[in-house]
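Asker: Assemble the complex: chain P is given as a structure, and chain E must be docked to it using the hints.
Now for the letters of each chain:
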Amino acid sequence: MVSLDSHGNSVVRVLRSQAPLTLVPARRVGPVALVHLVSSVTSPLGGDSLELTVEVGPGASLDLRGVAATLMLPGPTGLPSSSSVRFSVEGSVRYLPEPTVVTGRACHTAVVEAELDGHAELLLREVLVLGRVGETSGSLSTSVRATRCGKPVLHQQLVVGDAAVDSSPAGLAGKRVVGTSLMLDAVARESDGGEWWNVVPLAAGGSLATALGDDVVTVTRVLDAI
Amino acid sequence: MLTALILADSRFPGGGHVHSGGLEEAAARGLVVDEPSLESFLHGRLLTAGLLAAGFAAAAARGEDLDLLDAELDARTPSPAQREASRAQGRGMLRAARRAWPSARLAALPRDPHQPLVIGVLTGEPYEAALTCAYLAVSGPASAAVRLLGLDPFGVNAIVAALPVEDVAARACKELPALGSPALDLLAEAHVRREGVRLFGS
Chain P
1 MVSLDSHGNS VVRVLRSQAP LTLVPARRVG PVALVHLVSS VTSPLGGDSL
51 ELTVEVGPGA SLDLRGVAAT LMLPGPTGLP SSSSVRFSVE GSVRYLPEPT
101 VVTGRACHTA VVEAELDGHA ELLLREVLVL GRVGETSGSL STSVRATRCG
151 KPVLHQQLVV GDAAVDSSPA GLAGKRVVGT SLMLDAVARE SDGGEWWNVV
201 PLAAGGSLAT ALGDDVVTVT RVLDAI
Chain E
1 MLTALILADS RFPGGGHVHS GGLEEAAARG LVVDEPSLES FLHGRLLTAG
51 LLAAGFAAAA ARGEDLDLLD AELDARTPSP AQREASRAQG RGMLRAARRA
101 WPSARLAALP RDPHQPLVIG VLTGEPYEAA LTCAYLAVSG PASAAVRLLG
151 LDPFGVNAIV AALPVEDVAA RACKELPALG SPALDLLAEA HVRREGVRLF
201 GS
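Chains as they are written, first to last, in this note's numbering: chain P, 1 to 226; chain E, 1 to 202.
Chain P extracted, bound-state conformation:
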């Protein structure tokens, strides 16, 4: 939980976490609080259930960054794994995890939900890699839902691991890396794009950038340039 103090600094007031997902706050004072997400035990493995709740108060800003790529792996029991991240934002949040690799027999469900008030801002970056080199992806279902003052702004589910859809020009077009950047802010962006990327204005405000590619470097560069 992050809020603004009387000097205009964003302060982490409450920080609770445990392995496998440890939150490490940066020791610094300033308008933007920085917290790193550290995967402190190999995770998610099949059977794991991870949850993270983030609250950012009016005027406060939080950068939540990953430090290493996440490797989704199967567990010993064949059970699926899941993760859920919930944001309640009255200030500003930038959520920038490192890429997530969906390994061969992984089976994971990831849910991200964000509720914003009228002036809140959110930047949400997600880069998925379907399988390690030469490996077919396991199955993954991701869902991102963002609402502003209770009204839906973006709701997108992506299901990977069905080879017939992943390879379809109307699915993921056989690309190994999918990157998205959701930008819910006051910046107006016109539709723009290239062969395998674009940025589009959403109906209820904000923009979504999408890039497909064969490697993380290309996709990340495209998203960084927007």
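Each hint should be verified, as a subset may be incorrect.
Said to hold, decoys possible - Quick list of simulated restraints, FRET-style, between CB atoms:
hint, chain 1, residue 1, chain 2, residue 2, range
1, P, Q18, E, R198, 38 to 44 Å
2, P, V14, E, A107, 49 to 55 Å
3, P, S40, E, E175, 34 to 40 Å
4, E, R11, P, R65, 55 to 61 Å
5, E, W101, P, K151, 26 to 32 Å
Said to hold, decoys possible - A few chain E residues facing chain P, derived, Cβ under 10 Å:
hint, residue
6, L31
7, V32
8, E35
9, R45
10, P153
11, G155
12, P177
To be verified - Chain E stretches covered by chain P per the calculated footprint, using a threshold of three residues with CB under 8 Å from any CB of chain P:
hint, stretch
13, 107-120
14, 157-170
Since the hints were made in silico from the structure, they are not lab data. Just so it is clear, the structure is predicted and the values come from calculations on it, not from any experiment. Here a beta-carbon is modelled for each residue, glycine too, at the ideal position from N, C-alpha and C.
Answerer: Chain E only, in chain P's frame:
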């Protein structure tokens, strides 16, 4: 049931024939060139955009709030080109429907409604609505492929007939899906940006 048959008929004057559902752009890029690549395109389209549209048609047929459904479908359609294509087809269908099947619920549709909502209101039965919508999600691109690529109409028809349209319609009745299709969104936006002659509106 007759309403569903009429809506799914390519001779229905709703203006659906000017939309290719991303097929024109996919063909222009050489992503769809023959029957196998068309089958792959249609399968992917059915299980993403088709399932999404069918879910909203079923929800509208169940009598759910049309303004809420409209906002939820907008949130699930990040590409402005896709939103415009859906609303243009809804508008065209509504124009014909006002004469054929006037009703209070039809009049309660939002301005320029998304096509799945119009289909849901007109059929009034969730599975029929979902089936109609799922079928239209692939039949339009399939006939566009015949026109654009000169594919064998019998071969293309056989591909459509073998697609799991009924399974998708049944799934669409169970939940309000939110399936995205990143590649279709990219194709739809690129189609709008493309200079030169285009045969289809989307």
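Asker: Each hint: holds or not?
Answerer: Taking the hints in turn, this is what the structure says about them:
{"no.": "1", "hint": "P/Q18 to E/R198: 38 to 44 Å", "result": "violated (56 Å)"}
{"no.": "2", "hint": "P/V14 to E/A107: 49 to 55 Å", "result": "holds (51 Å)"}
{"no.": "3", "hint": "P/S40 to E/E175: 34 to 40 Å", "result": "holds (35 Å)"}
{"no.": "4", "hint": "E/R11 to P/R65: 55 to 61 Å", "result": "holds (57 Å)"}
{"no.": "5", "hint": "E/W101 to P/K151: 26 to 32 Å", "result": "holds (31 Å)"}
{"no.": "6", "hint": "L31", "result": "holds (4 Å)"}
{"no.": "7", "hint": "V32", "result": "holds (6 Å)"}
{"no.": "8", "hint": "E35", "result": "violated (14 Å)"}
{"no.": "9", "hint": "R45", "result": "holds (4 Å)"}
{"no.": "10", "hint": "P153", "result": "violated (21 Å)"}
{"no.": "11", "hint": "G155", "result": "violated (18 Å)"}
{"no.": "12", "hint": "P177", "result": "holds (7 Å)"}
{"no.": "13", "hint": "107-120", "result": "violated (count 0)"}
{"no.": "14", "hint": "157-170", "result": "violated (count 0)"}
Hints 1, 8, 10, 11, 13 and 14 from the earlier list are contradicted by this structure; the remaining hints agree with it.
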